[in-house]
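Engineer: What follows is each chain in one-letter form.
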Amino acid sequence: MGTNVVLDLLGSFIIGGMLLVNIISLQGNASSQSDLYSATRVTQKNLVTLVGILENDFRKLGYGVTDPTKSIVKADSNDIIFKADINRNGIIDTIRYYVGSTSELKETPNPNDKLLYRIENKETPQSSNLGLTRFLLKYYNQDMEPESNINAIKIVEITISVESPFPINGQYPNAFWKQTRITSRNLNR
Amino acid sequence: MGLAQTLLTIAAISLLSMITLTLNSSYLTTNQVMVESEFSVEAVSLAESYLERAIGKNFDENGISSHLTDTKDLTKKHKLGTESGEDPKKMNLYNDFDDFDGYTAVDSTERASYNIAIMVVYVNDNNPSIISGSETWHKRMTITVSNQYMSTPIQSQFIYSYF
Numbered sequence: 001m002g003t004n005v006v007l008d009l010l011g012s013f014i015i016g017g018m019l020l021v022n023i024i025s026l027q028g029n030a031s032s033q034s035d036l037y038s039a040t041r042v043t044q045k046n047l048v049t050l051v052g053i054l055e056n057d058f059r060k061l062g063y064g065v066t067d068p069t070k071s072i073v074k075a076d077s078n079d080i081i082f083k084a085d086i087n088r089n090g091i092i093d094t095i096r097y098y099v100g101s102t103s104e105l106k107e108t109p110n111p112n113d114k115l116l117y118r119i120e121n122k123e124t125p126q127s128s129n130l131g132l133t134r135f136l137l138k139y140y141n142q143d144m145e146p147e148s149n150i151n152a153i154k155i156v157e158i159t160i161s162v163e164s165p166f167p168i169n170g171q172y173p174n175a176f177w178k179q180t181r182i183t184s185r186n187l188n189r
Numbered sequence: 001m002g003l004a005q006t007l008l009t010i011a012a013i014s015l016l017s018m019i020t021l022t023l024n025s026s027y028l029t030t031n032q033v034m035v036e037s038e039f040s041v042e043a044v045s046l047a048e049s050y051l052e053r054a055i056g057k058n059f060d061e062n063g064i065s066s067h068l069t070d071t072k073d074l075t076k077k078h079k080l081g082t083e084s085g086e087d088p089k090k091m092n093l094y095n096d097f098d099d100f101d102g103y104t105a106v107d108s109t110e111r112a113s114y115n116i117a118i119m120v121v122y123v124n125d126n127n128p129s130i131i132s133g134s135e136t137w138h139k140r141m142t143i144t145v146s147n148q149y150m151s152t153p154i155q156s157q158f159i160y161s162y163f
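As you go down the protein sequences, you meet chains A and B in turn. Its first residue numbered 1, the first sequence is counted upward by one per residue in my numbering. Its first residue numbered 1, the second sequence is counted upward by one per residue in my numbering.
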């Protein structure tokens with residue numbers, strides 16, 4: 001074999017090897033990007049689902065309650081009990097939302113996810129794992145100042161963070177929601 | 001290496017480069033869409049917060065202490081916005097729906113700052129998408145939320161009626 005042939009072979013091996021490495025790297029990238037997109041999409045869908053459930057209840061907060069100042073029964077940073085005629089049947093319901101502990105979801109790799117529980121009247125607590133990592137409630141009066149007196153609360157601020165239960169490239173894709181809700185549609189009634 | 005082989009190699013590398021560039025460009029576009037949708041979700045939550053505050057107010061300044069029966073009694077269309085004694089920057093002093101007209105603010109979340117702009121107009125009784133030339137029983141609020149990471153601002157609309 002002449003020197004030229006050896007050089008040709010070496011050259012093609014090197015170029016072929018580079019192409020192969022590039023292709024493998026591209027495939028790896030495509031795969032991890034696809035995982036990231038899927039996880040992000042699922043996380044955002046989970047957030048929207050969770051927000052839909054919360055909005056349905058919080059929109060009615062105080063609805064049908066004769067004295068709107070008595071709408072909220074308990075107001076903690078991650079635990080709320082309020083009254084509303086949720087089913088619009090003329091009967092005032094008591095709704096409670098509270099967050100479980102992270103130890104309840106040990107089976108998921110995400111160390112921060114937890115369950116959000118909903119209790120309607122005296123029914124069994126309902127929950128599902130939607131990757132909730134934060135459920136923070138803040139309470140304000142009509143002037144948007146922080147309020148600790150339950151009877152004077154007019155506005156509830158809900159902050160939610162949802163993360164993927166599984167890491168993608170060592171990170172958990174997340175989605176965030178912050179919204180204020182008034183405790184009664186008509187503050188002047 | 002012969003000329004043909006060299007040309008083939010160059011063609012192969014060019015093809016691979018093109019594929020790589022196309023794929024990277026596609027990743028970039030998808031990432032951009034994903035990030036935008038994340039910010040859009042947040043923007044919607046902020047828009048709804050303002051909407052929620054507004055619909056807790058009275059329909060019109062003139063209807064706070066008395067019941068309105070004629071559109072002539074409503075706040076004139078060119079006078080929508082805050083009244084004297086109300087600071088346009090202090091939303092807690094607003095007492096009616098149209099006080100929000102002209103409101104602008106920068107609202108921040110943990111991720112980003114958003115520019116908020118609110119507009120209130122009277123709309124046509126029969127077609128709420130048309131701005132009315134006179135006072136009507138329907139006011140439409142348009143909340144625009146934007147930030148530097150969103151190519152298109154979010155617009156949320158709500159019609160508040162008096163009946």
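These are computed hints drawn from the structure, not numbers from a lab. Hints are not guaranteed to be accurate.
[To be verified] Computed from the model, here is a short list of chain B residues facing chain A with C-beta under 8 angstroms:
{"#": "1", "residue": "Ala12"}
{"#": "2", "residue": "Thr22"}
{"#": "3", "residue": "Leu23"}
{"#": "4", "residue": "Met34"}
{"#": "5", "residue": "Gly56"}
Where a beta carbon is used, it is the ideal one built from N, C-alpha and C, also for glycine.
Engineer: Look at each hint and say if it fits the structure.
Structural biologist: Evaluation of the provided hints:
1. Ala12: It holds, given that the least Cβ distance between B:Ala12 and chain A is near 7 angstroms, below 8 angstroms.
2. Thr22: It is violated, given that the least Cβ distance between B:Thr22 and chain A is near 10 angstroms, above 8 angstroms.
3. Leu23: Holds - the Cβ of B:Leu23 comes within 8 angstroms of chain A, reaching about 6 angstroms at its closest.
4. Met34: Because about 5 angstroms separates B:Met34 from the closest Cβ in chain A, which is inside the 8 angstroms limit, the hint holds.
5. Gly56: holds (5 angstroms)
When held up to the earlier numbered hints, the structure conflicts with hint 2 and nothing else.
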